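Chains as they are written, first to last, in this note's numbering: chain S, 1 to 268; chain R, 269 to 536.
If you're looking for bench data, these hints aren't it; they were derived computationally from the structure.
No experiment lies behind these values; they were computed from the predicted model shown.
We put the CB at the ideal spot given by N, CA and C, even for glycine.
Certain hints may be false.
Sample of chain S residues facing chain R (criterion: CB under 10 Å; computed from the structure) [as the list claims (entries may be wrong)]:
id: 1; residue: G164
id: 2; residue: A175
id: 3; residue: F268
Below, simulated SDA-like cross-link-like pairs (lysine to any residue); rule was C-alpha separation at most 25 Å, straight line [what the hints assert, rightly or not]:
id: 4; chain 1: S; residue 1: K62; chain 2: R; residue 2: K293
id: 5; chain 1: S; residue 1: K174; chain 2: R; residue 2: A475
id: 6; chain 1: R; residue 1: K442; chain 2: S; residue 2: S153
Protein chains: 2
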Amino acid sequence: MVSNPGARGSVELARQARLDARSGKLTGPTANLAPGHVQANLAILPRALAADFLHFCQRNPKPCPLLAMSEPGDPALPELGHDIDIRTDIPRYRVWKNGELVAEPTDVRDIWRDDLVSFLIGCSFSFEEAMLDNGLPVRHIEQGCNVPMYRTSIPTHAAGAFSGPLVVSMRPLKAADAIRAIQVTSRFPSVHGAPVHIGDPSLIGIADIGRPDYGDPVEIRAGEMPVFWACGVTPQSVVASVRPEFCITHAPGHMLVTDLVNSRMAVF
Amino acid sequence: MVSNPGARGSVELARQARLDARSGKLTGPTANLAPGHVQANLAILPRALAADFLHFCQRNPKPCPLLAMSEPGDPALPELGHDIDIRTDIPRYRVWKNGELVAEPTDVRDIWRDDLVSFLIGCSFSFEEAMLDNGLPVRHIEQGCNVPMYRTSIPTHAAGAFSGPLVVSMRPLKAADAIRAIQVTSRFPSVHGAPVHIGDPSLIGIADIGRPDYGDPVEIRAGEMPVFWACGVTPQSVVASVRPEFCITHAPGHMLVTDLVNSRMAVF
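This is chain S alone, in the form it adopts within the complex (with noise of 0.2 Å):
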């Protein structure tokens, strides 16, 4: 779960990443893959949960940035890159049945449907690049594991069925550094940006900063504050709480390589 702050890839890259995807060469997680380039979190459901899970992300954009949502049926995705079938250019699926994990398939073409919708969705790893271009520290990707997130007692905006607590990455900062964390990431809304939240992890419902929802604990040094990013782990607890009859996610670091350049996610 690292992204690479050197190297700029092509979009040949990106292209090559999800033929890889699709041949099964790549099974792995896509964190340094095609740097540069935005990577998406994915969320596919049927049609009959489709509208209302769109409502959800067009009221909670922090924790779901929707890049794109693709027609019922269709595994294109224009909008995201070139020739992109969602049922194979992702590593690694999960399936889910009335919210129970069934499968973690490297191809899905066999059980897609006509009604299914994909929904994808803004990655940290976007903004994270531009931290790291910044000079401001990650500490995860120092330490070389994943981001610690956590279930906060921030409500989401319920949307039909969908509903829950917001989950939040957490990366720690000097003040300095998180002050300007705040101004880079704020230029990417697309991708979560701005903190939700920084300093005392109490105020939020986190009883204990070692002890993440999920992913690693991270180091905190003295002078340094947590500081908290709405996390797309937001919509997949959300999804998995309404146990849909049917569902497809990404398998977690295994997300779609896109088209797309972070640094044009920029507002200014």
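Chain S is fixed; fit chain R onto it per the hints.
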């Protein structure tokens, strides 16, 4: 020391405020006069010190955002407004000799010299107006007192004889409001811009947040964090420490009301 988020005056109100100061009709603080217009701090120094002070401002743009510098001996400031006479257009001045306050006149024409250079420096009124416009609370305005200010352990960048600690102003905010305040005030680099510190005061050498070095203490409520901005008192305290043989400043709160508009100071 309050700014008015309400009706925005025309430039005529700014000019009238200066004419009232010039005629002696206005001798009090300028808060709430000509809402929407930029107000400025003043330091007038002999030419022999001007180059170093300009360099100090250039090296320390956050506490010393220089809006305009006059020609030696020239009381006009055409960048800041039509027909300004800096010798008369501020309601009350402070005159310093060898670092000692010797007078607080309402007019300095009788002590004007051909070697005097005026420095006009941005003021927090501008970004406070933007905060209020964004629905953010400004505690000292709510409490009807002066903003609390503190000498810190953060050094300024010295230039010639000018050096000394950064002085900061503090406004307490809830975390989500602090994040928004960072976004809002980042747009105004020419009037102090983004905060320089958030959270633990001891990290910047403030021993007791309840005892400011200048201004008045304000309440910090449960769930709020102190947010610190570089303060225009910094150049005044730095100038005072140099003890120039002659120097004129504005009396606290008695600012130059300029023709510039706060909203036009925003960089994006």
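Now the hints, each set against the structure:
1. Taking 10 Å as the C-beta contact cut-off toward chain R, the hint placing S:G164 at the interface is violated, the least distance being around 20 Å.
2. Hint status for S:A175: holds, given a least beta-carbon distance of 5 Å to chain R, under 10 Å.
3. For S:F268, the interface hint holds, since its Cβ comes within 10 Å of a Cβ in chain R; the closest pair sits about 5 Å apart.
4. Under the criterion of a C-alpha separation no larger than 25 Å, the hint pairing S:K62 with R:K293 is inconsistent with the structure, at around 53 Å.
5. Taken as a hint, the S:K174 and R:A475 pair is honoured in the structure, with Cα atoms around 19 Å apart against an allowance of 25 Å.
6. For the hint pairing R:K442 with S:S153, the CA-to-CA distance comes to about 16 Å; that is within 25 Å, so the pair holds.
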